[in-house]
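Engineer: Sequence:
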Amino acid sequence: MKTIKLFFALLTVIGFTSCEDVIQVKLDKGDPMITIDAFVNDMRSQQKVRLTYSDDYFSQKPNEPVKGATVKIKDLTSGLEYTFTDNNDGNYVYNLATNDTMARVGHNYELTVTHQGLVFTSTTRMNRTAMVDSIISEYKEGGGLSGMDPGYDMSFLGFDIPGDTIDYYWIKSYRNGVFFNKGGDINICADGAFGNGADGFPFIPPIAEGITPFGERFQKNDVCRVEIHSINLETYNFLIQVQTQTTNSGLFATSPENIKTNIKNTTSGKVKVVGWFCMSAVGFKERLVE
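Residue numbering for the sequence shown is 25 to 314, as defined by our numbering.
Since the hints were made in silico from the structure, they are not lab data.
Note that CB positions come from ideal geometry on N, CA and C, so glycine has one too.
A few of these clues could be false.
[Claimed, not checked] Below, a list of computed lysine to aspartate or glutamate pairs in the EDC-like style, where the Cα atoms sit at most 16 Å apart: (1) K98 - E134; (2) K98 - E162; (3) K96 - D61; (4) K164 - E233; (5) K196 - E240; (6) K288 - D61; (7) K72 - E134; (8) K309 - D246; (9) K284 - D61.
[Claimed, not checked] Across the chosen pairs, the derived CB separations fall in these ranges: (10) E314 - N132: 39 to 45 Å; (11) R68 - P237: 26 to 32 Å; (12) I228 - E105: 18 to 24 Å; (13) T290 - T189: 48 to 54 Å.
Taking the hints into account, I'd like the entire structure generated from these sequences.
Structural biologist: In structure tokens:
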């Protein structure tokens with residue numbers, strides 16, 4: 025019996041030891057693809073489209089910028105066209121007057137990116153958005169099971185727009201001008217909830233309170249900014265996939281998959297492109313934490 029017990033004990037030790045082996049995964053290197061980040065809105069501020077090259081899956085380097093491209097957005101409803109300026113760092117910008125906007129609710133838009141003889145295009149429509157009525161703060165003591173520091177949890181009050189149309193929103197929040205941009209911070213909803221059926225009602229608590237990500241409490245004299253961006257169903261599904269892939273870790277993680285795109289190469293099917301084009305109306309409000 026002592027010999028049998030010793031044998032099983034050795035097997036257990038070997039089993040746990042083998043679990044600590046580091047497995048180096050080697051992935052095939054593919055050709056870089058152009059990535060187009062074209063989220064444009066109706067705010068009277070500089071608009072930006074970012075172009076970069078994709079990199080290897082495990083790369084820790086910043087993506088290389090695409091330079092020398094031509095970037096245009098055309099309002100298909102009014103016929104107006106906007107040409108963006110190359111900043112030579114991957115950012116293509118359009119500077120608006122403080123009393124003007126390039127985005128209007130109900131208008132259709134076309135993005136055209138031309139680079140080295142290749143033409144990439146996408147079309148979308150800008151939908152209506154909801155307004156932020158107010159921003160609410162609630163002081164919370166630190167410690168406890170959460171282990172969080174004391175501070176203020178912020179939430180907002182706003183109402184979905186009533187009507188037959190399902191309205192999709194992306195709620196963005198900022199602390200002192202810094203955008204909460206982690207995958208787990210993506211805060212999207214349909215009709216102010218996690219699915220249509222809450223038409224015309226206030227945004228539900230998980231959405232309204234989601235402007236304060238876990239572990240990110242505000243402090244006195246911080247500035248909290250909330251923006252409600254209108255999106256369509258396709259962008260809503262795109263952001264769900266982005267959130268899933270960027271938070272895909274742990275024991276039950278699934279195999280990574282390519283993120284969908286609504287941009288196509290109109291000149292060569294062999295050259296792939298990734299990214300997304302979206303035009304958003306924005307309702308926003310800021311509050312100083314006092």
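Engineer: Holds or violated: 39 to 45 Å for the Cβ distance of E314 and N132?
Structural biologist: holds, 43 Å
Engineer: Quick one, are K309 and D246 close enough, alpha carbons at most 16 Å?
Structural biologist: Satisfied, since the Cα-Cα distance of roughly 14 Å is no more than 16 Å.
Engineer: For the pair we were handed, K96 and D61, check the Cα-Cα distance against 16 Å.
Structural biologist: Cα-Cα ~13 Å, so holds.
Engineer: Holds or violated: K72 with E134, Cα cutoff 16 Å?
Structural biologist: holds, 15 Å
Engineer: Is the straight-line distance between the alpha-carbon of K98 and that of E134 16 Å or less?
Structural biologist: holds, 5 Å
Engineer: Keeping to a limit of 16 Å between CA atoms, is the pair of K284 and D61 held or broken?
Structural biologist: Distance ~13 Å between K284 and D61 Cα, so the pair holds.
Engineer: Given the hinted pair K98 and E162, is their Cα-Cα distance within 16 Å?
Structural biologist: violated, 44 Å
Engineer: That 26 to 32 Å hint for R68 and P237 (C-beta), does it hold up?
Structural biologist: With a Cβ separation near 28 Å, R68 and P237 satisfy 26 to 32 Å, so the hint holds.
Engineer: Starting from K164, check that the Cα of E233 is at most 16 Å away, please.
Structural biologist: Since the Cα atoms of K164 and E233 sit roughly 14 Å apart, the hinted pair holds (cutoff 16 Å).
Engineer: Does the Cβ-Cβ separation between I228 and E105 fall within 18 to 24 Å?
Structural biologist: For E105 against I228, whose Cβ atoms are near 40 Å apart, the range 18 to 24 Å is violated.
Engineer: Would the hint linking K196 and E240 be met if the CA-CA limit is 16 Å?
Structural biologist: At roughly 14 Å apart (the allowed maximum being 16 Å), E240 and K196 satisfy the hint.
Engineer: Quick check on a hinted range of 48 to 54 Å for T290 and T189, using CB atoms only.
Structural biologist: Once the Cβ atoms are compared, 30 Å apart, the range 48 to 54 Å for T189 and T290 is violated.
The structure is inconsistent with the numbered hints 2, 12 and 13, although it conforms to all the rest.
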